[in-house]
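Residue strings, one per chain:
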Amino acid sequence: MPKLTINGQTVDYSGDPGMPLLWYLRDEQGLKGAKFGCGAGLCGACTVHVNGEARRSCVTPMAALEGASVTTIEGLSDGETLHPVQEAWLAEDVAQCGYCQTGQIMAVAALLETNANPSDGDIDESLTNICRCGTYYRLRKAVHRAAELKSGRAS
Amino acid sequence: MNAPVIHNRRDILRYAAAGGALVIAAPIASRVRAQRDGSPFPTPWFEGPVGGFVAINPDETVTIAFPNPEMGQGVDTSLPMLLAEELEVDFDRVSTVQMPLEIMRGEDGEMTWKYAPQGSGGSYSIPGHYEGLRQAGALARTLLISAAAAQFGVPASELVAARGVVRHEASGKKASYGELAAAAASIEPPAEAPALKPQSEFRLIGTPQKMKNARAIVTGEATFGIDAEKPGMLYAVMSRCPYFDGTAKSVDDSAARKVSGVVDIVKIEGPGPTGPYDVQAEGYAVVATSLWAAMKGRRALQIEWNTGPYAEESSGSFKRQCAELLEGTGQIVRDDGDFDAAFANAAETYEATYWQPYVSHAPLEPQNCLADVTEDGVEIIAPTQMPSGASRIVAAALGVDREKIKILPTRLGGGFGRRLSNDYVAEAALISKAVKAPVKLIWTRDDDLQHDFYRPSGMHQLKAGFDADGNLVAWTHRLASASKYYRRPNLPESDYWQAELYPDDFPSQFVNNVRLEYFSARSGAPRGSWRAPAHTANAFVVQSFLDEIAEGRGEDPLALRLRLLGEARELPYEQHGGPVFNPGRLAECLRVAAEKGGYGEKMPAGRGRGIAGHFTFGGYCAQVVDVETDDQGGLRVTKVVAAVDIGTVINPNGVAAQLESGVNDGLSTALRLAINIDGGRVTNANFDTYQLMKIADAPPVVETHIIDNGETPSGMGEMGLPPLAPALANAIFEATGKRIRSLPIADQLNS
Chain Z
-19 MPKLTINGQT VDYSGDPGMP LLWYLRDEQG LKGAKFGCGA GLCGACTVHV
31 NGEARRSCVT PMAALEGASV TTIEGLSDGE TLHPVQEAWL AEDVAQCGYC
81 QTGQIMAVAA LLETNANPSD GDIDESLTNI CRCGTYYRLR KAVHRAAELK
131 SGRAS
Chain F
235 MNAPVIHNRR DILRYAAAGG ALVIAAPIAS RVRAQRDGSP FPTPWFEGPV
285 GGFVAINPDE TVTIAFPNPE MGQGVDTSLP MLLAEELEVD FDRVSTVQMP
335 LEIMRGEDGE MTWKYAPQGS GGSYSIPGHY EGLRQAGALA RTLLISAAAA
385 QFGVPASELV AARGVVRHEA SGKKASYGEL AAAAASIEPP AEAPALKPQS
435 EFRLIGTPQK MKNARAIVTG EATFGIDAEK PGMLYAVMSR CPYFDGTAKS
485 VDDSAARKVS GVVDIVKIEG PGPTGPYDVQ AEGYAVVATS LWAAMKGRRA
535 LQIEWNTGPY AEESSGSFKR QCAELLEGTG QIVRDDGDFD AAFANAAETY
585 EATYWQPYVS HAPLEPQNCL ADVTEDGVEI IAPTQMPSGA SRIVAAALGV
635 DREKIKILPT RLGGGFGRRL SNDYVAEAAL ISKAVKAPVK LIWTRDDDLQ
685 HDFYRPSGMH QLKAGFDADG NLVAWTHRLA SASKYYRRPN LPESDYWQAE
735 LYPDDFPSQF VNNVRLEYFS ARSGAPRGSW RAPAHTANAF VVQSFLDEIA
785 EGRGEDPLAL RLRLLGEARE LPYEQHGGPV FNPGRLAECL RVAAEKGGYG
835 EKMPAGRGRG IAGHFTFGGY CAQVVDVETD DQGGLRVTKV VAAVDIGTVI
885 NPNGVAAQLE SGVNDGLSTA LRLAINIDGG RVTNANFDTY QLMKIADAPP
935 VVETHIIDNG ETPSGMGEMG LPPLAPALAN AIFEATGKRI RSLPIADQLN
985 S
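Protein sequences, first through last, are from chains Z and F.
Its first residue numbered -19, the first sequence is counted upward by one per residue in the working numbering.
Its first residue numbered 235, the second sequence is counted upward by one per residue in the working numbering.
Simulated from the structure, these hints should not be mistaken for lab results.
Careful, some of the hints might be misleading.
[What the hints assert, rightly or not] Think about it this way: if two alpha-carbon atoms lie no more than 20 angstroms apart in a straight line, the pair counts; the simulated EDC-like pairs of lysine to aspartate or glutamate are: (1) Lys121(Z) <-> Glu93(Z); (2) Lys873(F) <-> Glu93(Z); (3) Lys928(F) <-> Asp104(Z).
[As the list claims (entries may be wrong)] Just a few of them, taken from the derived set where beta-carbon distance is under 7 angstroms, the chain F residues facing chain Z: (4) Lys501; (5) Asn898; (6) Phe921; (7) Leu926.
Virtual Cβ for every residue (Gly too), placed ideally from N, Cα, C.
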């Protein structure tokens, strides 16, 4: 019976402990920003934060989430004030179909927490989310811009 | 080709009617706000008394519906720009929404478009709507002016509309569109469509605009098909026969039925071995109260499959079949002059054979559909490139009148041609009918990779002959492939080549003795249109071969291309993207890309710079690709510089986005992608065995240079893709001395 928080709200889960978090978020919590792409942790469209770290929710069973703090794309912004990564995404006009982008944004937001100014090499090593439309050129620029925005906001 | 939707004069009048009838205040605005607030599906379709293209809201915002499905190609922005240009509104006050499928029964009894064609494919959205949507905007503006004329008591000819306000200069009277909308909506549209602005007066068209629905995407509020819900909805996943045209031998669903939440198991009959596909494969749907329960139920389902008529097929056997076919004589589909004699008498000859594998579309959003079949009618909510195809396939599958079928296309999590087919819509409709409830069918990734309509695989043999003066005098392109045109109703095998070889493509019209020869190979793998269809294969082989020839002749590869293309002139082009092919425009793209990309500069060891250009669906594109290699077989594309000429540009920001997308799609596909067949089935099951490119392999720099010459616009969805693979292969040759004649590149640089 895991008890966890999702975007700050406490929830009790009493269903199948083997069910992946992705389906709990999408089908039981109505949080549809995390997307299903592969079901095997390979594409990252389902990326959310678990205790502040990027996690692929399609391969994260509910049983593993006792006491966990989960943040989804719906909980990333501060009300109407977008997270710097979201701002950067708009500024660089990254999205095409948009399906992978919530996962990309969550992955980048987590990266910037541990690496405030990632180099291109860091980006290549850390970001393994797939974008089928191939928005990588703008996505890379948006990561650098997000780092600038975030450090600017912090200072 | 991608079944372009052609509109005629009658369609234009319909656009105009839509533009006029729809200058209506109110209901849309609240529905759009409801979506922004994150309220649940459905998104704010235009329906009921609103309908059509545009709503002017009392708060002076404007809502414009885009008729074609948005799949990342930017029609949620570019199509409304066309209308807004003539409407004379500030584009930042415009929000845009997807139009539902609007069809009606015509006078001849056949279903026809109510307002405008509504398919996304063939890079045809912009050329298909360029005139009609501007007409709709012009008519809406005209009606607003008429309303103001009546209100002010002045002649309409003295009024000017700009930025959402109608003004009477002499009296200083003015009224906003929001104030005029209700009155304008009741004015009878004029009999004649208003004149359109000349290009020189465009204020919006040609300016860079960001994607309209970007904020909804970055906040997770954008609703894709997979996000659709209805009260009482059940979930379904299917277990389909993995063998091409195989069938179920036996099924034991007792364990599956015992899984908590499983409601029913529904058999879906297969398509039959020869006819057109409605559904793609025979299978069983597990219907449950949750998706997770349905997935668990599928795992518990015990099915034994008959391996079907293609059980012996493998990737290797298909390649051998193509090679054997090329030993013989094929179907001659273009034969100018006397190739054999010219080739035999040529001073220099060249020959090379190339291979293209099957590839999958793999849109990141798996196929899905929410179907609600009731006695009153059918509602379909689905990500589809062809909503009218969805309507047809549901009518055929269920025997329901198309007027009772409502199709609500959603934003697509990628299309790439996969969702021109609506097989998943037919499945969902059949399941919903069987269980008498709304059903959301979701495919998993293995379903998607193993039940795609793949880009045809084939073997290409090219030969060229030059005379003693260096003139190209003989050219042949012999192709053995499994055409995507098989299983089309009423299409004989003698027409299959039409989807594979485009006879007016360069260099057919540039050589006196040319022969195109096609060999129809057999394969059980379903085939379909994959972004820029046969242009991807043909650009790769032709542009690679030209590089080989240039090297053999000791001639600069760019110079060879430019002298073959020659001066600007209009050549006939009968395939999609015609009626004209102007080689001068392609040459100019090559020159611009070469200059901006520094083509011809000496490269350091291990580096290479390649060039290629191609004419695709009315658009011209050339690319210069830089690669860096190492002696362990490593490869990185460091930069791509592209020049595009697609005539009049609507949204240069969108053009660059599509160019970048084409570059990355072309690179991803060339690097590692191949669908593998063994034992009559596809063996790729997920992204570990179908390795779409990640950012680490993506070029850190992609430059787009747009040549806007004011010509009739073409689209931009596909033109950015075909030049990439050959330019890359040519760059790899410079860097390593190795010719890439077979795709994907995979580990060829290791050997």
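Next item on the list: Please flag the earlier hints that this structure goes against, numbers listed from lowest up.
Entry: Result: hints 2, 4 break, sorted rising.
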